[in-house]
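S.K.: Residue-level listing of the chains:
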Amino acid sequence: MMTGDLASRRWDVIVIGTGIGGGTIGRRLAERGLSVLFIEKGRSGYRTEQNHMAGDDVHDPEARLIRGSWPDTARARIEGQERRFHPAIGAAVGGSSVFYAATLERPEAHDLDDSAERPHPTGGWPVGFDTMLPWFDQAQALFEVRGQPDPLADHPTPNLSAGPAMCEGDARLMEGMRRSGLHPYQLHSAMRGVEGCGSCLGRKCPRPCKLDGRSAGVEPALATGRAAVAERCEVTELRGDGPRITNVVVRRGGETLEFTADHVVLAAGALSSPRILLASRCAEWPEGCGNAHGQVGRYLMFHLNEMFALWPRRGEGYAEAAKSIGFRDLYHAEGHRFGMVQAMGLNAGEGEILNYLRGKIERSPLRRLPGASQMARIPAKVAARVLGQAKVFVGLLEDMPYAENRVMPDPERPGGILIDYRFSPELHQRRKRFRKLIRTSLGLRRTLFLTYQPELNFGHPCGSLRMGTDPARSVVDADCRVHGIRNLWVADASFMPTSMGVNPSLTIAANALRVGDAILAAPKASRHEPLALSIPS
Amino acid sequence: MNPAAKLAIVTGAGKGLGRALALELVARGCTVAGLGRDETDLSATSKLCPVAGAFHPIACDVSDYEALRAAFATIRRLGPVAILINNAAVYPRRDFLDETPESFMQTMAINLGGMVACSRLALEDMVKRGSGRIVNVTSFADLAPIAASSAYSVSKGAARIFTRALVADLEGRFPEIVISDWIPGALRTAMGLPDGIHPADAARWGAQLALSSDPSLNGTLWERNNEVLEQQSLKRRVFNRLMMRAAPTPRVLSAA
Chain A
1 MMTGDLASRR WDVIVIGTGI GGGTIGRRLA ERGLSVLFIE KGRSGYRTEQ
51 NHMAGDDVHD PEARLIRGSW PDTARARIEG QERRFHPAIG AAVGGSSVFY
101 AATLERPEAH DLDDSAERPH PTGGWPVGFD TMLPWFDQAQ ALFEVRGQPD
151 PLADHPTPNL SAGPAMCEGD ARLMEGMRRS GLHPYQLHSA MRGVEGCGSC
201 LGRKCPRPCK LDGRSAGVEP ALATGRAAVA ERCEVTELRG DGPRITNVVV
251 RRGGETLEFT ADHVVLAAGA LSSPRILLAS RCAEWPEGCG NAHGQVGRYL
301 MFHLNEMFAL WPRRGEGYAE AAKSIGFRDL YHAEGHRFGM VQAMGLNAGE
351 GEILNYLRGK IERSPLRRLP GASQMARIPA KVAARVLGQA KVFVGLLEDM
401 PYAENRVMPD PERPGGILID YRFSPELHQR RKRFRKLIRT SLGLRRTLFL
451 TYQPELNFGH PCGSLRMGTD PARSVVDADC RVHGIRNLWV ADASFMPTSM
501 GVNPSLTIAA NALRVGDAIL AAPKASRHEP LALSIPS
Chain B
1 MNPAAKLAIV TGAGKGLGRA LALELVARGC TVAGLGRDET DLSATSKLCP
51 VAGAFHPIAC DVSDYEALRA AFATIRRLGP VAILINNAAV YPRRDFLDET
101 PESFMQTMAI NLGGMVACSR LALEDMVKRG SGRIVNVTSF ADLAPIAASS
151 AYSVSKGAAR IFTRALVADL EGRFPEIVIS DWIPGALRTA MGLPDGIHPA
201 DAARWGAQLA LSSDPSLNGT LWERNNEVLE QQSLKRRVFN RLMMRAAPTP
251 RVLSAA
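Chains as they are written, first to last, in my numbering: chain A, 1 to 537; chain B, 1 to 256.
Some hints here could point you the wrong way.
Stated by the list, open to error - Here chain A is said to cover these stretches of chain B; the calculated rule only asks that three of the stretch's residues, wherever they fall, bring their Cβ under 8 Å from a Cβ of chain A:
| # | stretch |
| --- | --- |
| 1 | 121-129 |
| 2 | 161-174 |
Unchecked claim - List of simulated lysine to aspartate or glutamate pairs, EDC-like, C-alpha gap at most 20 Å:
| # | chain 1 | residue 1 | chain 2 | residue 2 |
| --- | --- | --- | --- | --- |
| 3 | B | Lys-128 | A | Glu-231 |
| 4 | B | Lys-235 | B | Asp-214 |
| 5 | B | Lys-128 | B | Asp-214 |
| 6 | B | Lys-15 | B | Glu-39 |
| 7 | B | Lys-128 | A | Glu-219 |
Hint data in this document are derived by calculation from the structure and do not stem from the laboratory. Treat the numbers as computed from the prediction; the structure is a model and nothing was measured. C-beta: ideal position from N, C-alpha, C; glycine also.
With these hints in hand, go ahead and build the complete structure from the sequences.
M.R.: Below, the structure is given as structure tokens:
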């Protein structure tokens, strides 16, 4: 179908973005009988593509977009220091998820709930963990999640199926961790592990194996015959008449198109959904759609990646890269929120060690020596040979919501991302504790942290359209409907009031299903009903 | 068509190296669609074909891109295109002062344009399957162009750049679509030299290369049956020496 044809009809629902959130909600709605139009900035591409997310080596925006990667650099002011970089986010059907490692982990109850023992930084999400459980279960079924139950969990996971047989080395390493008093388990993965499965960490895979926003979302939605994708369409603004969105305006090449639907779902990602709202201004929304209280784009969070190399103890060494081990012993410890520790599926190679050495050089007088950073290559090579079989793990450290940390449209570049972020003193302290705990918990195994400075995981942005009951301090309500707007919903990581201590994908998918059910339950919008609602103040 | 047989396209299959390549690929079990301008030449290739029905002559000028589209539509009825050997070329001996802009660009339209158009059309099948093989027949004519060869030299140099540009666009996304350059050497053909290599000998190397689809062949250059490695910078050589890393050794086609 031509894009023009897609614009000429009225859809039940328009979903902006096709990642985990957009793909999942679009599938739910199409399978329940609604007509769904996905609007995607990138392309559908070819199903046979196998590329990695484009790094800094590909800088042409068109070439990046063809590779399903965010075309432009983002501008970030971290601690006031400006830098431009290519964020690790996708821009194609499936969004970032076609590149993801498919680790779909459930959060803990304390990630959502407030309690006396584990007070929640926001007083708790408006939706409690127990209320979310049925949707976590459905998301686990939909994404065919496999792995071992977390031995420390106190809630059942009925839809988690057994994972593939672990390699002997992983099993030995896990046994050793158990002897140190830890509770490792096989990570929860949304991969079918078909014959010839390569590790598709950071890579698109043409096989019917990895379940992501494309394979478990958009493709099944299209199979219903009720959905379509408008590709290469960048949403520039939402138009409305106050309490209702009437048109979605997009740029496609040099052309402007408008789409219409009864409901509009924002799922462009936590760095983009807020920018769409902020760019949507009219007499009723002078500060941007849903932004009467200046909350859009704020409370932006990332995880902090505490990467470390772990050398198995004598007799535990093995050549394969550990990829399936995780543990939650430090998730909440000594009264603090940290996060889970996971294998990254990498052996500590030259690149990781080089990074470590360069970090050391940057902090020493050697940094003034020209070429010192290049010279580090040689010891890195030697070390990679000598140290060999170290496995790279990452501790995902929860980030906390602060109103000053935010994303907004870059005034210097139309369509550009501008991030303002500061590390709070509290975060520095928690980080220090987390690293110390990681080191001590692993007993006598040798560990080496591969990062010095706090390293933001730009692939895990969240929180920028926070969910809450008070319109003055949040953007969406408990159903993820934008306060004051009847037919505008959010189904990406923007809604999260806190960043949790796990990978966000499962929670995004579960919440997208929940929001989908709320849309299905919403009274059918009539195009001619009088517009009597006012924006709550 | 035997469903197990790979479908290969050879351009310029009516004569010389193209004919030899088509026959060699048939002998190695492929179904071959042979493109050529002259129907008589193509039917002569057909008559030499060792397997009945394995060679499909398609009269078509590779510089007529509309005709090429129709030719590919016909070929696709045989199955998806798995191999393309871009062999068709002309070599007009002409001093540049005897060229007109039209005559020069006509050579480009055949030698470079035909390669571009056939590659583009074959890739439609290849990206659907995520695999395929393209061999571009090129030459070193661009390194030190000889007299009376301006259009040919430019087109062949451009062909080698075209291969690298294709690899830049496709390799990361489709590692199993393998594209390389092959320089067959001076041949004993109408276009070549009287004491050159017999086209049937060269065709064995070319067919072997076209039937080898290891992703490591992507972007490689082959002269006759030898891989030609890129010159390494002095810095890289010193670095490899320091790392006690062996210098890369060029590969050789086994069938030679």
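S.K.: Taking the hints in turn, state whether each one holds.
M.R.: Taking the hints in turn, this is what the structure says about them:
no., hint, verdict
1, 121-129, "holds (count 3)"
2, 161-174, "holds (count 4)"
3, B:Lys-128 to A:Glu-231, "holds, 19 Å"
4, B:Lys-235 to B:Asp-214, "violated, 29 Å"
5, B:Lys-128 to B:Asp-214, "holds, 19 Å"
6, B:Lys-15 to B:Glu-39, "holds, 11 Å"
7, B:Lys-128 to A:Glu-219, "holds, 17 Å"
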